Amino acid sequence: MGLAYQVVPVRFPGPRDPEYLKINPLGTIPTLVDGEATIFESVGIIDYLARRYGPTPLAPAPEDASFPAYIQFLHLGEAGLSGPLTYLLRARFMAPPEAKTNWSLDDIRKTFADRQHLVSAALAKGPYMAGDAFTAADISVGYALLLGRWISADDAYDPALNDYLERITERPAYLKAATV
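In terms of my numbering, the numbers along the sequence shown are unbroken and rise by one, the last being 192.
Just to be clear, a hint being listed does not mean it is correct.
Beta-carbon label-pair distances, calculated as ranges [as the list claims (entries may be wrong)]:
hint : residue 1 : residue 2 : range
1    : 16        : 76        : 26 to 36 Å
2    : 192       : 34        : 32 to 42 Å
3    : 69        : 113       : 14 to 24 Å
4    : 47        : 192       : 33 to 43 Å
5    : 56        : 99        : 17 to 27 Å
6    : 23        : 113       : 43 to 53 Å
7    : 50        : 191       : 20 to 30 Å
8    : 115       : 46        : 19 to 29 Å
9    : 130       : 104       : 21 to 31 Å
Just so you know, these hints were derived from the structure itself, not from any lab. Treat the numbers as computed from the prediction; the structure is a model and nothing was measured. Ideal Cβ placement from N, Cα and C applies to all residues, glycine included.
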């Protein structure tokens with residue numbers, strides 16, 4: 013959206029910083045502080061920025077034909093894909109060796125793989141989650157797929173998912189954010 017921002021690095025994983033907990037009592041990342049507003053839910057941050065500082069092509073208007081797909085995939089990215097991956101991430105980096113795998117974690121991997129079919133089906137209709145244009149839904153879903161790749165849960169990615177990830181990570185805005 014071209015908004016000015018400041019990135020404040022937070023150590024992860026590690027002990028929770030008491031100063032950070034004053035800003036975000038959950039101790040999770042990310043957190044957005046915008047004047048008096050503090051938001052620490054990823055999709056909430058996206059929605060807030062689009063509504064507060066839009067209109068923006070990143071968030072189609074409700075009357076736009078792409079709006080239903082946008083809403084579906086905006087929320088699927090966090091709630092349906094990356095939310096469950098949090099447990100795999102925590103197991104990989106924080107669990108003792110004997111707890112790095114179990115039935116629940118295996119089921120999360122299977123669920124993540126099964127849900128990838130929803131993303132592939134959307135990509136069969138257009139290059140992005142809501143059709144022909146890149147939107148905030150692609151930020152949400154793209155993050156989830158990248159998280160899956162970072163924690164080695166990407167063994168079921170089909171060529172469409174890999175092409176999609178390449179397409180969105182080559183965008184100048186992504187490259188700029190990735191270097192912060």
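The hints, checked one at a time:
A hinted range of 26 to 36 Å holds for the C-beta pair residue 16 and residue 76, which are about 27 Å apart. Our hint of 32 to 42 Å for residue 192 and residue 34 is violated, since their Cβ atoms are close to 23 Å apart. Restraint check, residue 69 to residue 113: a C-beta distance of roughly 42 Å breaks the suggested window 14 to 24 Å. Checked against the given bound of 33 to 43 Å, the beta carbons of residue 47 and residue 192, roughly 21 Å apart, lie outside it.
The hint said 17 to 27 Å for the Cβ distance between residue 56 and residue 99, and at roughly 21 Å that hint holds. Take residue 23 and residue 113: their Cβ atoms lie about 26 Å apart, and the range 43 to 53 Å is violated. With their beta carbons about 26 Å apart, residue 50 and residue 191 fall inside the hinted range of 20 to 30 Å. For the pair residue 115 and residue 46, the supplied restraint of 19 to 29 Å is violated, since their beta-carbon distance comes to about 42 Å.
The supplied range of 21 to 31 Å is met by residue 130 and residue 104, whose beta-carbon atoms lie about 24 Å from each other.
Going through the hint list in order, the structure does not satisfy hints 2, 3, 4, 6 and 8.
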